[in-house]
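There are 2 protein chains.
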Amino acid sequence: MTEIKKIITGVDEVVFPQHGDDRGELVAIEGMKDVDFDIKRIYYVFATGSNAIRGKHAHKDIKQVLLCVRGSCDILVDNGRDRKTVKLNQPNKGLYIHGFIWRELMNFTEDAVVLAVVDKSYDKDDYIFDYGLVK
Amino acid sequence: MTEIKKIITGVDEVVFPQHGDDRGELVAIEGMKDVDFDIKRIYYVFATGSNAIRGKHAHKDIKQVLLCVRGSCDILVDNGRDRKTVKLNQPNKGLYIHGFIWRELMNFTEDAVVLAVVDKSYDKDDYIFDYGLVK
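Line by line, the protein sequences are chains A and B. The numbering of the first sequence is my numbering, which starts it at 795 and goes up by one. The numbering of the second sequence is my numbering, which starts it at 795 and goes up by one.
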């Protein structure tokens, strides 16, 4: 089972089971089983500068899990009332963002690979770049 | 558009568009858009020993894309008539396996992270561990 811990309203920390043996480690995420949505798309970011800040936007209606499957980074999440920063530094630990949440990703290690598992198609009109609208 | 090159019958090399800017790089894969199936699950393998061989099985009826999103590894694919080994060494280049294909993954670098994007739920009965059945 996936472990879940609330960070702020709209954001949970999730830890997926890690299947290890003498060959190495494996983490699997299946739609409607390990996450409560069908996986419509994934994306991954890499070769991110250590001073770069990614994100800096919110979505009104997207569910996604963000994982740092290699290296580490920090993710700031803010629902307009509460704001927290979480370090992602183990491959099976992610943030499940399922509300109207402002997010910023920063402090990437050189080798960091962030993987996002998302419930909806890409829609550029769904991005909200004005923090003042988050509440 | 995704570039496609046939490796053997049932296996294509695919190169996904990479979106880079001054923050870093991003690759997105959306079901029924960048791949010709709905994404039912993903999995990723890491911390794999350099002498380990993963895979060593076939599936009768699964479509999946294997990518090495960090580091590199070699993937051997065999459809019973033709056999080829492909090095995956760039984050946006993958193998699309969509036939009855024996596969072995090997020569992992210490930092390698292999990501699989799959069209079906996990089913242990779908694994074929007898190479003699592949044809």
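Calculated from the structure, these hints are not laboratory results. Nothing here was measured: the structure is a model prediction, and the numbers come from that model. Keep in mind that the hints are not guaranteed to be accurate.
A pair counts as met if it fits within one copy or between any two copies, since identical chains are not told apart.
Computed list of lysine to aspartate or glutamate pairs in EDC-like fashion (alpha-carbon distance at most 20 Å, straight line) [said to hold, decoys possible]:
| no. | residue 1 | residue 2 |
| --- | --- | --- |
| 1 | Lys857 | Glu824 |
| 2 | Lys800 | Asp868 |
| 3 | Lys850 | Asp815 |
| 4 | Lys887 | Asp905 |
| 5 | Lys914 | Glu797 |
| 6 | Lys800 | Asp919 |
| 7 | Lys827 | Asp917 |
| 8 | Lys850 | Asp828 |
| 9 | Lys918 | Glu824 |
| 10 | Lys854 | Asp815 |
| 11 | Lys827 | Asp920 |
| 12 | Lys914 | Asp830 |
Okay, the hints, checked on the actual structure:
no. : hint             : result
1   : Lys857 to Glu824 : both (14 Å within a copy, 15 Å between copies)
2   : Lys800 to Asp868 : within (17 Å within a copy, 40 Å between copies)
3   : Lys850 to Asp815 : between (38 Å within a copy, 15 Å between copies)
4   : Lys887 to Asp905 : both (17 Å within a copy, 18 Å between copies)
5   : Lys914 to Glu797 : neither (23 Å within a copy, 24 Å between copies)
6   : Lys800 to Asp919 : neither (28 Å within a copy, 36 Å between copies)
7   : Lys827 to Asp917 : between (25 Å within a copy, 13 Å between copies)
8   : Lys850 to Asp828 : neither (27 Å within a copy, 26 Å between copies)
9   : Lys918 to Glu824 : between (26 Å within a copy, 14 Å between copies)
10  : Lys854 to Asp815 : neither (40 Å within a copy, 25 Å between copies)
11  : Lys827 to Asp920 : between (26 Å within a copy, 18 Å between copies)
12  : Lys914 to Asp830 : both (13 Å within a copy, 16 Å between copies)
In terms of the numbered hints stated before, the structure departs from hints 5, 6, 8 and 10, listed from lowest to highest.
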